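Q: Residue numbers (my numbering), protein chains in the order written: chain A, 1 to 365; chain B, 1001 to 1365; chain C, 2001 to 2365; chain D, 3001 to 3365; chain E, 4001 to 4365.
Errors might be hidden in some of the hints.
Said to hold, decoys possible - List of simulated lysine to any residue pairs, SDA-like, C-alpha gap at most 25 Å:
hint, chain 1, residue 1, chain 2, residue 2
1, B, LYS1177, B, ASN1298
2, D, LYS3125, D, ASP3066
3, D, LYS3067, D, LEU3045
4, C, LYS2363, D, GLU3118
5, D, LYS3360, C, TRP2364
6, C, LYS2220, B, GLN1251
7, B, LYS1125, C, MET2290
8, B, LYS1172, B, MET1214
9, C, LYS2360, C, MET2311
10, D, LYS3220, C, HIS2336
11, C, LYS2220, B, ASN1298
12, D, LYS3338, C, GLU2118
13, A, LYS177, B, ARG1091
14, A, LYS306, E, LYS4362
15, A, LYS51, A, LYS67
16, C, LYS2085, C, GLY2108
17, B, LYS1259, B, MET1178
18, C, LYS2063, C, GLU2118
19, E, LYS4177, E, LYS4362
20, B, LYS1306, B, MET1214
21, A, LYS220, A, ASP162
22, B, LYS1363, C, ARG2017
23, D, LYS3306, C, GLY2108
24, B, LYS1306, C, MET2311
25, C, LYS2363, E, LEU4043
26, A, LYS220, A, ASN302
27, C, LYS2266, D, LEU3045
28, C, LYS2306, B, HIS1082
29, A, LYS259, B, LYS1172
30, E, LYS4306, C, ASN2302
31, E, LYS4255, E, MET4149
32, D, LYS3172, D, GLU3303
Claimed, not checked - Restraint-style ranges between C-beta atoms, simulated for each label pair:
hint, chain 1, residue 1, chain 2, residue 2, range
33, B, GLU1056, C, GLU2280, 30 to 38 Å
34, C, PRO2333, D, ASP3330, 22 to 30 Å
35, A, GLU280, D, LYS3088, 52 to 60 Å
36, A, GLU139, D, VAL3219, 52 to 60 Å
37, B, GLU1056, E, GLU4280, 53 to 61 Å
38, E, THR4128, B, ARG1262, 35 to 43 Å
39, B, ARG1262, D, ILE3084, 27 to 35 Å
40, D, GLY3346, E, TYR4339, 22 to 30 Å
Just so you know, the hints here were simulated from the structure itself, not pulled from any lab data.
Please read all numbers here as calculations on a predicted model, not as lab measurements.
Cβ coordinates follow ideal geometry from the N, Cα and C atoms, glycine included.
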Amino acid sequence: MKNDNLRNSLKIQRFIRPVDKTKGLPPGSLREPPVEKAIPVTLELFNYNEKGFTSEHIATVDKFFDKSSDLTVKWLNINGLHDIKLMKEIRDRLNIHPLVLEDITHTGQRPKFDDYEEYLYFVIKMITYNRQTHEIFTEQVSIILIDSMVISFQEREGDVFDIIRERIKTNKGRLRKMGADYMAYSLLDVVVDSYFEILENIGGHIQEIEEDLMSHPTVKTLQDIHHIKRDILYLFNSLWPMRQLVNTFYQNESKIIDKTTRFYLKDVYDHIVQVIDTIESLRDVVSGMMDIYLSTVNNRMNEVMKVLTIMASIFIPLTFIAGIYGMNFDNMPELHFKYGYYAVLGIMAIMGILMLSYFKIKKWL
Amino acid sequence: MKNDNLRNSLKIQRFIRPVDKTKGLPPGSLREPPVEKAIPVTLELFNYNEKGFTSEHIATVDKFFDKSSDLTVKWLNINGLHDIKLMKEIRDRLNIHPLVLEDITHTGQRPKFDDYEEYLYFVIKMITYNRQTHEIFTEQVSIILIDSMVISFQEREGDVFDIIRERIKTNKGRLRKMGADYMAYSLLDVVVDSYFEILENIGGHIQEIEEDLMSHPTVKTLQDIHHIKRDILYLFNSLWPMRQLVNTFYQNESKIIDKTTRFYLKDVYDHIVQVIDTIESLRDVVSGMMDIYLSTVNNRMNEVMKVLTIMASIFIPLTFIAGIYGMNFDNMPELHFKYGYYAVLGIMAIMGILMLSYFKIKKWL
Amino acid sequence: MKNDNLRNSLKIQRFIRPVDKTKGLPPGSLREPPVEKAIPVTLELFNYNEKGFTSEHIATVDKFFDKSSDLTVKWLNINGLHDIKLMKEIRDRLNIHPLVLEDITHTGQRPKFDDYEEYLYFVIKMITYNRQTHEIFTEQVSIILIDSMVISFQEREGDVFDIIRERIKTNKGRLRKMGADYMAYSLLDVVVDSYFEILENIGGHIQEIEEDLMSHPTVKTLQDIHHIKRDILYLFNSLWPMRQLVNTFYQNESKIIDKTTRFYLKDVYDHIVQVIDTIESLRDVVSGMMDIYLSTVNNRMNEVMKVLTIMASIFIPLTFIAGIYGMNFDNMPELHFKYGYYAVLGIMAIMGILMLSYFKIKKWL
Amino acid sequence: MKNDNLRNSLKIQRFIRPVDKTKGLPPGSLREPPVEKAIPVTLELFNYNEKGFTSEHIATVDKFFDKSSDLTVKWLNINGLHDIKLMKEIRDRLNIHPLVLEDITHTGQRPKFDDYEEYLYFVIKMITYNRQTHEIFTEQVSIILIDSMVISFQEREGDVFDIIRERIKTNKGRLRKMGADYMAYSLLDVVVDSYFEILENIGGHIQEIEEDLMSHPTVKTLQDIHHIKRDILYLFNSLWPMRQLVNTFYQNESKIIDKTTRFYLKDVYDHIVQVIDTIESLRDVVSGMMDIYLSTVNNRMNEVMKVLTIMASIFIPLTFIAGIYGMNFDNMPELHFKYGYYAVLGIMAIMGILMLSYFKIKKWL
Amino acid sequence: MKNDNLRNSLKIQRFIRPVDKTKGLPPGSLREPPVEKAIPVTLELFNYNEKGFTSEHIATVDKFFDKSSDLTVKWLNINGLHDIKLMKEIRDRLNIHPLVLEDITHTGQRPKFDDYEEYLYFVIKMITYNRQTHEIFTEQVSIILIDSMVISFQEREGDVFDIIRERIKTNKGRLRKMGADYMAYSLLDVVVDSYFEILENIGGHIQEIEEDLMSHPTVKTLQDIHHIKRDILYLFNSLWPMRQLVNTFYQNESKIIDKTTRFYLKDVYDHIVQVIDTIESLRDVVSGMMDIYLSTVNNRMNEVMKVLTIMASIFIPLTFIAGIYGMNFDNMPELHFKYGYYAVLGIMAIMGILMLSYFKIKKWL
């Protein structure tokens, strides 16, 4: 019970950007992010070009700014947002606008794309889905693309970028052959691709609910429909801004993005449009399930009412007749007829049969 | 039961692009398509111009690239998407972008039109309808238009292009007189035309459901409405992007498309707009049927309640009176009146008649 | 019954463009229109200018192409679309695009305006309304405007253009003073004006249904609402594209349309916008009537339930008391009290009054 | 009853432009307006500039065209539209387009703004509200702005322009200091300002209905909600085009409008946007009241059902027990137990208490 | 009761701009604002630049126009709008358009941004939320940005700008380093930031209602849903225009706004978009809660009906049987069977068990 409340509690507040900690700070301030301060921030650095690559965990960002290597593209992945000193160092050495750093540390941003001329900045939503509890969580991923460098900021360590790490190591696909813009695209692409998997899981869950709905709908079915409806609403609200983000990214005329990469960004755009379309379909599907539930409940009530009406309509008149002959009047000649009792029984039987026929004709039986 | 679940299972998952097999592959990779690998891929080649034509099944694509023939326009129709070697050969010899080939083999694409300058690429949905089970299936058809060549990719052999084959052979219409762009248009046109037939079938099915709804609505009617509603939703989602596709195609300024052909593309655009309009009308019609169903159920419940109320309101008071004179008090003078019994019967009759009159006035009878 | 089904049958299929006869024909083919082949095609020719006019029924189109007359503007009105030879002759002599002729003969087109530079072509919907059966029918009217010639194609002879004929004959208004573009405008104008009359009739019918709804709603009222709802949906779908048509027509920069005429086209545009607005209002009105119907049914059920509850709540406990004193126990002292019977009757009366008071307080009475 | 029907009758037909009288007239014809021909048309002429003003009722328009006065701005207000001779004289002397005069006399126009270069023409809706019957009426006001002249046409004499007359007389505000364009703006402004008052009255009426709804909803409440819903729909449809009108007016680049006046037109635009916003809010509010009504009816039915169920569930089983001991079998030993009667009464009491406890636990009591 | 009405009264009228006091005044007139005339108007003046600041309460505006200070940026905050003399002085000395001053004193404006070239003017909504009564209040804040001066007008003294005062005093953030445009941005920013806090509070309240809804929904729950729904509607209507305001502000090309400040305005724009998104989500959430409430009520009614039907269906037939053997016919042989009574009791028990089994199979138990 308690737990259930908590679960719902999560559900409504997640629609709202958490706000109290930021109150009163001037714009561009770096604030401490709300969670998991205990876990240390980790930094992963990848240097690569077509010929080779290095991959290492680094303690300070100095190595990232070290330009001695031949490996032209640099990707710095930062897990954890609460190392304010680190943030400030990146801000100052790359001359990033304070608002960008504010947005990175202040999770709960709406996905967006900003072109600061010297560099591009975008915030995206990473979605994870718990198959057991059917709960959806979102995480903010911020990406800065500057010259031949890409910096990505995750709230905590995750495995969604493993695919990218693998591609760098095995030199599969064209990642190693292309520039930093393609790396930024790749990060965006794997996140968008992961949405399809989420949708497939949610689809499977809707399927289960629908099977319940068709075979034996209960109050739990209604609650499941309600929960999945809200999850889809949440998903829609989280991903809807992604469409505009990718569109702006794709049509942006920044020199940082190569023409070849634009074809790939157009492809991501097509994917995100398909994701939005699918979510809208699922919303309509679930909305239709709600209607079916209500009709089913109505139909059942109808059936219950029919049983009551049939029982009452048959037996109440018969009971009345029995009541008449249970009266104690002195002068009731029928009581003394020899076959009076049988006659009354016969009349009752006929009345019952007539009633049944009536309901048969009405198609209530 | 099992079967029914399966049928529904198809229904929800079909809204979602299948995803798991592609996970982790770099963009532009060729993947194996999910179905029917056992069936061999077949290639049909048509060469034609105004004066003549050849038509043959070919085993390798060499013949397609052979430029010795005078027959200027070439149409290669490929049935089956799982011959990766073939795909790669086409990609490399025509210098097609890897993303295009990825989209071709990865069925479940949203219909779209891409202009790659050297060539045009579009993906469309072919719809088939099973008149017995009233189920709708979609198939992806990809078309590449490059110079005087058209390549079409179907998931499996079908008969929708028979009309085109016939026109080449009989030289009816202007197909043989026009270029490859007109051929691409023709393929698009026959697919769009086939939608009207689907709509007519669905309209017929809605008609049947409506007749049920009007004469004797049952729970099955509700399920039919639910199914057709979802089918229309599915159809709408599948065909809605077609509108933008044809619009982009028609207004595209590529030199590959001749001005004469544009008039025809405008015509296809008008058709697809009409298809979308019709689907929206059907959606509204079916939505109104749902309302009618609910009102009907409500009206019936009302009728059931009236029967119950009339029966109970008439006989419960009468039974009470009979109960009074069934009491065993020593001192109940009425019991000893000579015509007491008849008086009570009379009173009961009058009460019954009054009740009936009341319900008559209330228009419940 | 049969008839009623047929009527509904008409209703759903009319939303869908008839398609089977065209299957497989190449684009631009002339096909036989589906109805009324028995009735001969008639051709009416009007030649006129400010000074005079001729009006005649002609058998062949030769007279139309005869340029000897001084009467500058020519209007050819063709009733019936199934004379394919005639169509081909017009196509070839005026060099009309085959797609135009296809659209003319293939009724069921969405209203549209096409600018073929040499000539303008538009398809409009003429609406007729049967006041008895409240049924709406649409007919396709196609108009070609080329130089100083206007050709109009109707499916069958009708009287909507009588107003135009009258104006030519009596030289009222500015029709005879203006060119062919004004004639095309006039044809469009009388058709759009006729919509207002249809709307007035439908409004009157809605009025009648509403009066039923307010005074004594029955199941027939529900069906009427359902029918009018679908008629309005049909009307909306038929006329919605007219808005874009007139807008394109009005803003079109073709030299065929004179600047003076544009003011008039703007006026038609205002009218069609008003028509669409009105249809949307009626839709909302009818949708509100559906809600009222449902609430009324709900209220009635409520009333029925109250009667049942009041009757049952009063008499069931009283019957129970009577039942107690009808028991045959040896030792029931109350039975032998002198005024026991009267005491029980009194208690019953008090209970009944208390119950009635309770329901009075609850405002159920 | 009759009256009520009439009232509703007004309601539906008012959504539709009256049409029958115009049928068959050529465009630009002047037709007789449908009402109040008996009342004579009156003409009020104001001449003014910063230094002085004249105000007079005139019989013919000659005085209006007399250019001898120094008072630069002229405002002619015409009450009544049925003096066709007068209309024609204005049309011919100012060279107004026939369509404009047609629109002026043909009330029921959609609000619109037309720029005829030489002059500007706009039609607006004046709304009046009857506080007793809560009925809304609309009147068409047409305004022509030409050089330094403004002509306004009202269907009948009204007091909404009294504010303007007062300002001319008292020289308050900047009206006398500005040109004819500011006068046209002022007329528009007072009409738009009057909408706010209407909205306040309607808001007050909704308030009353809501109080009824919260304290004791009846069928009348439902009808009130229905009426106010339709009034709001009517208001929305009447005023929605005003937004576009004022926007076109404000952004129009005609030389007739001075730059200074544009600031004021922008202000009117802000007002009309606020009016539309408010109407939409009220629509949502009323729509929510409908939901509340339905829920309340549902809740009541629930309560009624509970009373019935509790009464029946308690007494039906008890009556059954009483019935058992009312049977006349020879061999029923319990009947002869000394305290059998009391035992049965006790059992009945216990059963009743158990039932009540059950309903208590179920929270039905 | 009275109080409750009052509360609702506030609710509907607040959607409508108060109007009666302004009736008849010419545009640009200064009117007395409706409330709190008793409280004196206070003026706070801040002069600052990067090096220092002064902060003082002033009695007349002379000090504000005194240009002797080195402190370049001036911010004048005026609490209270009813000092018409003061307003006129500001208007005349800064040459502000009369419409601006009218809008400032006439609270109830729609949020808007106007560019008067010499200065920028915008009106925003400040929202306050009462956590106890869950009531939302709005206050109008008007801001004029002219050269290096910012003037803000509040209806009454409030604490929302304390954050700004603090930043000036402590020189935190970049406020002191930037110009007057940044000050105007800062005022806008703190107001928009305050919305997030309101949303969090409302979210918490929705949470509470949802917990009620899930555990024990009552009529109060319905009323709470209704109230919160209307509050969200009100909030949406108040803040929706803010989006356009900030967008126009941000994209405005006025020279008064520095390029650096535009980045910050873009950030505010992102925030207001997020606010609107969140309100829309909450609207959907609450709308879903309404559906859940209705389904729950329906389900309960169903349960009530089942109890009634089960009780009645079991005991009515049994009572009938008891009634039969309570009849007083002379010739009823069963009555004289030795075990007749027990046989009948047995039959009754079997019938009861059959009934229960039937309901068990129907899953009603």
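Q: Against the earlier hints, flag every one the structure doesn't satisfy and list their numbers going up.
A: 1, 2, 4, 6, 7, 8, 10, 12, 19, 21, 22, 23, 25, 27, 28, 29, 32, 33, 38 and 39
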